[in-house]
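We have chain A already, so just place chain B on it with the hints.
First to last, the sequence lines map onto chains A and B.
Under my numbering, the first residue of the first sequence is numbered 1, with each subsequent residue one higher.
Under my numbering, the first residue of the second sequence is numbered 544, with each subsequent residue one higher.
Since the hints were derived computationally from the structure, they do not count as laboratory data.
Any given hint might turn out to be false.
Stated by the list, open to error - Heads up, simulated DSSO-like pairs for lysine-lysine below, C-alpha to C-alpha not over 27 Å straight-line: (1) B:K680 to A:K124; (2) A:K334 to B:K680; (3) B:K867 to A:K221; (4) B:K683 to A:K336.
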Amino acid sequence: MDRRDFLQFAGAGLGALLLPVYGRAIAAEELLSKVDVATKKKLADAALEAAKASGATYCDVRIGRYLRQFVVTREDRVENVVNTESSGVGIRVIANGTWGFAATSVATPDAVAKAARQAVTIAKANSRLQAKPVELAPVKGAGEVSWKTPIVKNAMEVPIKDKVDLLLSVNAAALKAGASFINSTLFLVNEQKYFASTDGSYIDQDVHRIWAPMTVTAVDKASGKFRIRQGLSDPRGMGYEYLEPKAADKVTLPGGAVVYGNSYDMVEDAVASAKQAQAKLKARSVKPGKYDLMLDPSHLWLTIHESVGHPLELDRVLGYEANYAGTSFATLDKWKEKFQYGSDKVTIFADKTQPGSLGAVGYDDEGVKTQRWDLISKGKLVNYQVIRDQAHILGLKESQGCCYADSWSSVQFQRMANVSLAPGEAKLSPADMIKDIENGIYIVGDGSFSIDQQRYNAQFGGQLFYEIKNGKVTEMIEDVAYQIRTPEFWNACVAVCDQSDYRLGGSFFDGKGQPGQVSAVSHGSSTARFNGINVINTARSLG
Amino acid sequence: MGILSEQEAKAILEKVVKLSKADECSAQLNGSITGNIRYALNSVSTSGIVDDLQLGVQVAFGKRVGTATINEFDDASLEKVVRRAEELARLAPENPEFLPAIDKQTYKPSETFDAKTAAIAPEYRADVAAACIEPCKADKLVAAGFLSDSQSFFAAANSKGNFFYQKSAGADFTCTVRTDDGRGSGWVARNLRGIDAFDAKKEIAIAIDKAKRSVDAKALEPGKYTVILEPAASAGLISFMMFGFDARQADEGRSFLSKKGGGNKLGEKLFDERVTIYADPWDKEAAVIPFDPQNDGLPRERVNIINKGKVEYLQYSRYWAEQKKKTAQGQPGNLIMIGGDKSTMDLVKSTKKGILVTRTWYIRMVDPQTVLLTGLTRDGTFYVEEGEIKYPIKNFRFNESPVIMLNNIEELGKPVRVGDDESPFVMMIPPMKIRDFTFTSLSDAV
Numbered sequence: 001m002d003r004r005d006f007l008q009f010a011g012a013g014l015g016a017l018l019l020p021v022y023g024r025a026i027a028a029e030e031l032l033s034k035v036d037v038a039t040k041k042k043l044a045d046a047a048l049e050a051a052k053a054s055g056a057t058y059c060d061v062r063i064g065r066y067l068r069q070f071v072v073t074r075e076d077r078v079e080n081v082v083n084t085e086s087s088g089v090g091i092r093v094i095a096n097g098t099w100g101f102a103a104t105s106v107a108t109p110d111a112v113a114k115a116a117r118q119a120v121t122i123a124k125a126n127s128r129l130q131a132k133p134v135e136l137a138p139v140k141g142a143g144e145v146s147w148k149t150p151i152v153k154n155a156m157e158v159p160i161k162d163k164v165d166l167l168l169s170v171n172a173a174a175l176k177a178g179a180s181f182i183n184s185t186l187f188l189v190n191e192q193k194y195f196a197s198t199d200g201s202y203i204d205q206d207v208h209r210i211w212a213p214m215t216v217t218a219v220d221k222a223s224g225k226f227r228i229r230q231g232l233s234d235p236r237g238m239g240y241e242y243l244e245p246k247a248a249d250k251v252t253l254p255g256g257a258v259v260y261g262n263s264y265d266m267v268e269d270a271v272a273s274a275k276q277a278q279a280k281l282k283a284r285s286v287k288p289g290k291y292d293l294m295l296d297p298s299h300l301w302l303t304i305h306e307s308v309g310h311p312l313e314l315d316r317v318l319g320y321e322a323n324y325a326g327t328s329f330a331t332l333d334k335w336k337e338k339f340q341y342g343s344d345k346v347t348i349f350a351d352k353t354q355p356g357s358l359g360a361v362g363y364d365d366e367g368v369k370t371q372r373w374d375l376i377s378k379g380k381l382v383n384y385q386v387i388r389d390q391a392h393i394l395g396l397k398e399s400q401g402c403c404y405a406d407s408w409s410s411v412q413f414q415r416m417a418n419v420s421l422a423p424g425e426a427k428l429s430p431a432d433m434i435k436d437i438e439n440g441i442y443i444v445g446d447g448s449f450s451i452d453q454q455r456y457n458a459q460f461g462g463q464l465f466y467e468i469k470n471g472k473v474t475e476m477i478e479d480v481a482y483q484i485r486t487p488e489f490w491n492a493c494v495a496v497c498d499q500s501d502y503r504l505g506g507s508f509f510d511g512k513g514q515p516g517q518v519s520a521v522s523h524g525s526s527t528a529r530f531n532g533i534n535v536i537n538t539a540r541s542l543g
Numbered sequence: 544m545g546i547l548s549e550q551e552a553k554a555i556l557e558k559v560v561k562l563s564k565a566d567e568c569s570a571q572l573n574g575s576i577t578g579n580i581r582y583a584l585n586s587v588s589t590s591g592i593v594d595d596l597q598l599g600v601q602v603a604f605g606k607r608v609g610t611a612t613i614n615e616f617d618d619a620s621l622e623k624v625v626r627r628a629e630e631l632a633r634l635a636p637e638n639p640e641f642l643p644a645i646d647k648q649t650y651k652p653s654e655t656f657d658a659k660t661a662a663i664a665p666e667y668r669a670d671v672a673a674a675c676i677e678p679c680k681a682d683k684l685v686a687a688g689f690l691s692d693s694q695s696f697f698a699a700a701n702s703k704g705n706f707f708y709q710k711s712a713g714a715d716f717t718c719t720v721r722t723d724d725g726r727g728s729g730w731v732a733r734n735l736r737g738i739d740a741f742d743a744k745k746e747i748a749i750a751i752d753k754a755k756r757s758v759d760a761k762a763l764e765p766g767k768y769t770v771i772l773e774p775a776a777s778a779g780l781i782s783f784m785m786f787g788f789d790a791r792q793a794d795e796g797r798s799f800l801s802k803k804g805g806g807n808k809l810g811e812k813l814f815d816e817r818v819t820i821y822a823d824p825w826d827k828e829a830a831v832i833p834f835d836p837q838n839d840g841l842p843r844e845r846v847n848i849i850n851k852g853k854v855e856y857l858q859y860s861r862y863w864a865e866q867k868k869k870t871a872q873g874q875p876g877n878l879i880m881i882g883g884d885k886s887t888m889d890l891v892k893s894t895k896k897g898i899l900v901t902r903t904w905y906i907r908m909v910d911p912q913t914v915l916l917t918g919l920t921r922d923g924t925f926y927v928e929e930g931e932i933k934y935p936i937k938n939f940r941f942n943e944s945p946v947i948m949l950n951n952i953e954e955l956g957k958p959v960r961v962g963d964d965e966s967p968f969v970m971m972i973p974p975m976k977i978r979d980f981t982f983t984s985l986s987d988a989v
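So that you can see chain A by itself, here it is in the shape it has in the complex:
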């Protein structure tokens, strides 16, 4: 689901609820219950045995219970409170060297055994079109293990009334500060996932995520102009503690904008959104040209996501996504020659273990223990993101643990790990960085984004734009978008702030695949400077 689908959903009623992706709506207290591990193991074993008996050389079983809660509000009213559950069993096999998959919502040993046999039948039928047999990197069976997102306060346990009260107080604060309209939403996700495979793994995981987006609009009826300022929160792999603000997590940037780290003051940001949306109505339109860009982590995460995260997915590089998401400019020959992807200031790593991130899990959806590894080291391309049936292509002895399915009924495939820009080694704050920028633009928050199918040419907007002249923020400007060619952009990176400025951004609904699947992924960085980037003016007149 991309942002457009989300916005459509947010305003819809019963009709939108029937989309299969959301599963069935349930009562609030059911979000807290769990299925016991022994029952799941029995079910998994029934599938594994049936698959092997039918001729599968490998089988994995995912028993999933996917819980979601949405609270959707605008101004002084609640538009929707929805609890959904989707549960079932997905079974993947290899037979005749070919993948097969089947899924069932009926959680009985007979039903899963039947689905396992169906998966084997599909694998055998498709093997006639298989160019070469699947080659799986070995995984040592994990035995019976469990993992849980290290949350402090389970958001599912917070009463709905408290969540409604929070959002309505956010809306009231924005309206009082001059907003014309505000939409605020709370999204909670809990994935209860049980994985078992013929390798001897029985992995029980309890994954939590939270997101609190808002959109504030200021309208000037006289001129017919309107401007939007979106909230500066980040979706997180955290509990409700993210919405309990701590002073230490608040960062005031040069020029006065306030951003947030490991907790978020939604009311305070609503007030700032209202004021800044009004300021945007009056802000000067940017003069197009080359500027030095200073990019806050609340903005830079999306540029990392699009121009590094996606092109370094090995399935894209190989051509498996050619018909939809596309391929990649970062081809294997570039990897072999250690292509200069960026300047020596640029080290970008993948990490499925980072606490608080959206992508953090103990094991991926094919039972591989998660890890951290470099993708770009001091500017040079050194690695990709792979899953078990791709590892041999890079000569790797094991998968990096990047496999994910968004539902029990979806086939797991390669998805992006958290991909982050390593902080600079030398001490450097945003206040230090701005001092020697003569002609620049400071961008805070993510906005419009678009990139080509090989991830060369991208265009990004933002939420807040500030002109920098001779080392100082002068004024807010508007109508800014910058266009890049990926390698030139990363090679124009001349400075990255230190660890003390490192913050996470992320996407709750990153889309990929056919049929489409979503995943959630974080991207960390400190503020970074890019010299001589092409900025266009996006203002138009409809006459």
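What follows is chain B alone, placed relative to chain A:
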């Protein structure tokens, strides 16, 4: 399990409505059997069948509303889902914009079902994949494609006696063909109401031809060009523009259809007079169900959205219609744009200098004030001179508003049915020749 007959669906829905103790109750059933096959690198990567049936129940006590859904259908489960919805309704705050369930309506059926498409079997999908893979393999080309087909039904009932049931079927085919050295890429797509006329061998030839022709693309300077947009190239832009047709957004001052000083631009001529876009659930080529699930089940009607350049329709939710003393109706499920008789190649023939665009990609809103959209060309972009395709050119990024685009029309061709991954509409869109289309940078992507 996924497909119930009208009698079966009605029996479940009536039982549910009767079980409810709330002031009112609405229920919907939808079921589908969807099959797909996905292939890449000239080999099948995944294929599967998803059989799904869901019941949704919405109840109201006064202005408190609760919603629950379930995928089990025994009597105990039906009772459970109704009680859950009632429990949520009691917990929910009052919704001041709540409106009672709609009265009994008359829905004129549309032809959304095709028996042959509904009967597609796994062998058929494998044959389509093979028809694409084999000629590519033989010609140093690489095919990656996807075929998805479905049969489905939708049924709804409420405590005021309203009832609706209709079956649908459809298929969507896309295939990208790349040269094995990665220097050329072509694409073909067909969104199908019925598979009778579909011939994968014929379609794949289009993608193969574009892949071969697109090798060694030359770079042109970005700027304003006359473009010939194939239907798939403009559909995404037009569909994006429709988000601005919500009456409430327009009245609130946050749409390109908002009027300076307040109100909206309903009735104003904002486009070239050759632009007529209407919705019609009964259209032969692009039929959709006449029931609008997004607007409480109101019947869809045939409406002129843009008529000879003039905005004649805005979407009113039931609540906003009541506020503004308008009549609410079902929102469009399709978009049909009127054109002429010419094919894309006929438009090429009449072009002195221009650019032929196969498709556009990754379209995103840059400024909702003007519907300024950005995106890129992809999988077959060619330079046209004196009525002929001269040579392939590198892809461009565009920054263009469909509102401006639809004021710069040179010529329209014959509409064809188009599906779009990011659009909620079934569309009939003509190929179009547009002057002064704004390309802002070059892309090296093939």
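The hints, checked one at a time:
no.	hint	verdict
1	B:K680 to A:K124	holds, 22 Å
2	A:K334 to B:K680	holds, 26 Å
3	B:K867 to A:K221	holds, 18 Å
4	B:K683 to A:K336	holds, 24 Å
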